[in-house]
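The chain contents come next:
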Amino acid sequence: MIAAPRAAFERWLERRLPAADSWALTQRSVYILPTRAGLAFAATLLAMLLASVNYQLNLGYVLTFLLAGAGVVSMHQTHGTLRGLVLHLKPPRPGHAGEAATVEIVLTNPGRRTRHGIALRWRQRVGSGGFAWCDVAAGAQSTVQLAFVPPQRGWHALPTVVAETVFPLGLFRAWTVWRPASRVLAWPRPETPTPPLPAAAAKPGEPRAAATEQAGDEFDGVRHYRRGDSLRHIVWKKVAQTGELISRDARGEGRRELWLDWADTGGDVERRLARLAAWVLACERADRPWGLRLPGHELAPGRGDERRRAALDLLATWPG
Amino acid sequence: MKPAARMTREARDTLFLLAVIGWTLLPHAGHVPVWCSGLAAAILGWRAWLAVGNRPLPGRWVLVALLLAAGGLTFWSERTLLGKEAGVTLIVVLMTLKTLELRARRDALVVFFLGFFVVLTNFLYSQSLLVAASMLLSVWGLLAALVLAHMPVGRPPLAAAGTLAARAALLGAPVMVVLFLLFPRFGPLWGVPEDAAGRTGLSGTMRLGGVASVANDETIALRVRFDGAPPPPEAMYFRGPVLGRFDGVDWTRLPDVPAGARVQVLGTPRHYEMTLEPSRLAMLPLLELTPATAGPQLDGWSLRLRQDLQWQLDRPLSDRIRLQASAWTDYRHGPRRTTPELDDWRRLPPGYNPRTLAWAQALQARPELAGADARTLAAALLRHVADGGYGYTLEPGAYGRDAIDEFWLDRKLGFCEHFAAAFVVAMRAMGVPARIVTGYQGTDPAPVDGWWIVRQSNAHAWAEYWQPGVGWQRADPTAAVAPERVQRGRSLPPTPGLVAGTIGAVNPALAARLREAWETINNRWNQAVLNYSRQRQFDLLRALGVESPDWEDLARALIVLAALASATGAGWALWDRHRQDPWQRLQARVQRALAARGVEVGPQHAPRARAERVRAALGAAGEPLAVELEALDRLRYGEGLERPARRWWPGFAKALRQVGRP
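Taken in sequence, the protein lines are chains A and B. Quick note: the first sequence uses this note's numbering, first residue 1, plus one each step. Quick note: the second sequence uses this note's numbering, first residue 1001, plus one each step.
Okay, chain A solo, but in the shape it has when bound:
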C-alpha cells in the first residue's frame, strides 16, 4: 500500500531531474536537513539551557550558546561542503551483464578550502553498493568509483547518484541527487563454462570437407604434438594451460577460417548471444582470428581488442 505511492514519488522525482553528465552543485540542487544526531544535539542544548536557567549559571549560558553558534555555523559548513562542487561522470566503460561495471565520477572542487567527508552512493541501494568516501582538496579533483551491476545485456541508464556529507559536526546532512545522462552498455553474460568452439571452415573456394575431417576432438588450428613438429609451432600458451604439448597445425593456419555463426547456436536469443559472446572471448584468449555472423550482419574475420568490442557491442544491442 505504501510502496506504490512511494515508487510513484520516486519516479516523479527522477523524471524532474535533468539528466546530465556534469552536475554543478548550487543552492538549488543541495538540500539540507538535520540528522538524528543533530536533533539529539538540540535536545542536549535544551537540557543544558534548562540547567543553566535553573542553577543560574552564566557560564552555562555561555557554553550553551557557544555550542548553538557552532551548530548553526556547522549547518553552513555542511551545505558549503557540497555547494560549488562539480560532479562529472567519466564515460562509463561497458562490461558484461551481471558483472560489476566501475563507474568513475570526478569531483572538482573550485573552492579555496578542502572539502572533507563526501560520500557518493547510488540513490536506490543496488546490490551491496555502499558509500564511497572522498575528500577533495582545494582547487583539485578526486575520483570516486561506484560499482554498477547491469542485470542484463543492453543499454542501461545509470541509477541516480546521491552525493552527501555530514561534515563537520554530523548535525546536518546535506545531499544532492544527480541523474547521470550517460548510459552504460552491458555485453551479454558469456556462457560458462566456455562451450567448445565451432569447427573452422575452409576459406571460400576450398573444399570444406578437408577441414572437417581434420577437426576431430582437437581445437581447430592446433593439434597434439607429433614427433617432427618444429619447436616454433608449439603453442606454449596452451602448454602452460594444459600441460600437454600442443602444436600449431600448419595446414590449418592461414587456410581455414573460424566463423562464430548464429546458425551454430541453439536455444532462445539470449542463450545464443551468450554462447557467441563466450566464443568471441575464447577466441581472443586463444589469440585466434574469428568472424562473426549474425542474421543480416557479418563481421569479417580478424582479431584484436577493437573487433572484440565491436562484436560484443553488436551482441549487446542485438534486438530480442
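Derived from the structure by calculation, the hints contain no laboratory data. Note that CB positions come from ideal geometry on N, CA and C, so glycine has one too. Check each hint, because a few of them may be wrong.
[To be verified] One side only, chain B facing chain A, incomplete, derived with CB under 8 Å: (1) PHE1116; (2) ALA1132; (3) HIS1150; (4) LEU1164; (5) VAL1175; (6) TRP1525; (7) ALA1528.
[Said to hold, decoys possible] Some residues of chain A that are not near chain B, with every Cβ distance over 10 Å (derived): (8) ALA119; (9) ALA181; (10) ALA300.
Starting from the known structure of chain A, fit chain B onto it as the hints suggest.
Same frame as chain A, but now just chain B:
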C-alpha cells in the same frame, strides 16, 4: 619508527578523545567520591590500553555489571540517586563507561553530547576564570574529536580537525554573544535543591562549629566600592541574619515584629555600590547601618528592613546583583525603654550550659558590679575574654552537648561564633537582652579596581546587647581576644596552596602582587560575564534607547536580530545562486562576444574548438581572435590557470575591435 606513526588512526583518535574526556572530568575529582574518581581513571586507562593494542572491547555484560556496581556505590555514598551530587557522580561514571562502548558512530556522538553536559556540570561548582579556561579547552577538544569523527578518509592530522573546530566555534561566536546578551534571564524554573549553590556562606541558623567551614572558603561573597573615603576596617560590618532564639544547640532567627525598625542615624552617610554573589539566602548583607530611607532599589525584588535591621528579600538571591545604598557607621536603634518584646532576647533554654549560667550570675553578684547596667556588664565580660586565657583558633575541635560550658570554662579555644554565643548566653544569664549578629566583617587589605572584596572567609559573628536609654549596642568579643581579626579584617590567612605558599615564602611582595593582578583579572571576568544579569540586560536595552525595558523587549530584540540574520542569509543565497565560477563567466563572455560577430559557439566548446569555429566562420579576418583563443586554451589547460587571467582579456578585446561588428 615513531610510536605515533605506528599507531592506527582509530587508536590515535580514541586516545585523543580519552584525553579530552579525562581533562573534562578532572575538575570533578574534588567533588565526586573517591571510588568514582578511581573507577573513572581505571576505565579510561583500560580503554586507552585496549585502543593502543587494538584489542577487542569488553562485552555488554561487563558494562552492565560495572554500571550496576557504580549505581550501587553511588547510592551507598550519596544515599540517593537524585540531586546534584549523585547526578554528577553518575554522569562521570556513565561518561567513562560509554567509552568502553565506542563501536559505532552513534556511540561516539553519545560520548560527545555527554561530554558537553559534563562541562556544564563543572560550572555548578565553580565559574571561575580558571575553570572557564580549562573547560573552553575541553569544548574545543570535544568539537575537534567530533570533526575528526566526520573525516572518514585517510589520516587527517589532529591539528586540522582542531583548526576546523575552532573555526566553527569562532564563526559561531557572534551568535553566542547575541544570545548571551539578549536571552531573557528567568529565575530558577523549579526549586533549586539545598545543595545547588555548592558553596558555603552565611545561613539563617548557627550551630557551634558551622562557621569553621566558611572561614576557609576563599570565594568572594561581595564587592563594595565607596564614593569617597572608605570606612575604617574595624567599621566594616556587613549585617546578615540576626539570631535570637537559642534551643541549646541551634541559634535561629526570631520572627519579625512588624513594628518597624527604630533607627536614628548620626553623622554623615557613606554612599556605596555593592555587587553581591548569589547567596541562596533571602537577605542582603549590607553595610552597617543602611537604613530603610537610604536602602537600595532593586528592580524585580521586594525589599524590607526587618526590625532587627536585617535586609530581607522576598526570595533567595540566586542571581548576582548590583546595588547602591548609603550607610551610617554611627547610629542608634531599638527601643529606649524596656518593652515586652525584649523578653524574647533574654530567653535561654532550660537545662543547657548550667555552669556558664552559674558563672555569669556569680559575676553579676560581685560587689563591684552590684546594680551595674548592661554596658558595665558587657565591659566586664569583654575584659574577662581578654584576660581569661582564651585563644582564637579556627580549629577548636568539636564540642559536646553543653558546648558553651565546655568552651567558656574548660577549653577556652574557639573563634568568633564561640565568643559571640558565649557572650550572649552570659549576658542573658545576667538578665540583659542580647543576640548574635552574623554577617561579614572586614575586607581584603587592598581594593581591586576600587572594589573592596569581602570573602566567605570574612564571615563573622558578633553580639549585640540592649542598654536602657540607648538601645542595641554592638559588642564584638572576638575583638577582645584577637583584635587583629577585627581591625585588619582577617587575622588568620587561610592555609595557602602549594604554589602560592612557595611564592609567598620566597617573596611575599611578589605573591601579594600576583594575587592582586589575579584578583583584578578575576574581577573583570566577574563583572563582565558572571555578573551579567537581568538588571544588566535591561541596562543594555536602556542604553540602546528602550525605555523601561522588560523581558518582552529582550525577546523582541532577539527576534529582530534573528530576522535580520535570516534576511542577510537569504540575500546572500540569492546572490550566490547567480555567482559562477570565474572560468565559466569568462567562457560566457567570450561566447557573447563571438555571437555578436556571427560566430556561434556553445558553452561546452573549449577555447581551442572556438578558435577553429572562428577560423571557419571569419577566415583570415578572424585569425587574431583565433590566436588569442588558442592562447587562452594554453593558459587554461597548460599552465593550470585557476582564475581567468585579467591580462588575457585586454588582448582579446583588441582582437575583437580589429574584427569589428558585422
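Hints breached by this structure: Hints 6, 7, 8 are the ones this structure does not satisfy, whereas the remaining hints hold.
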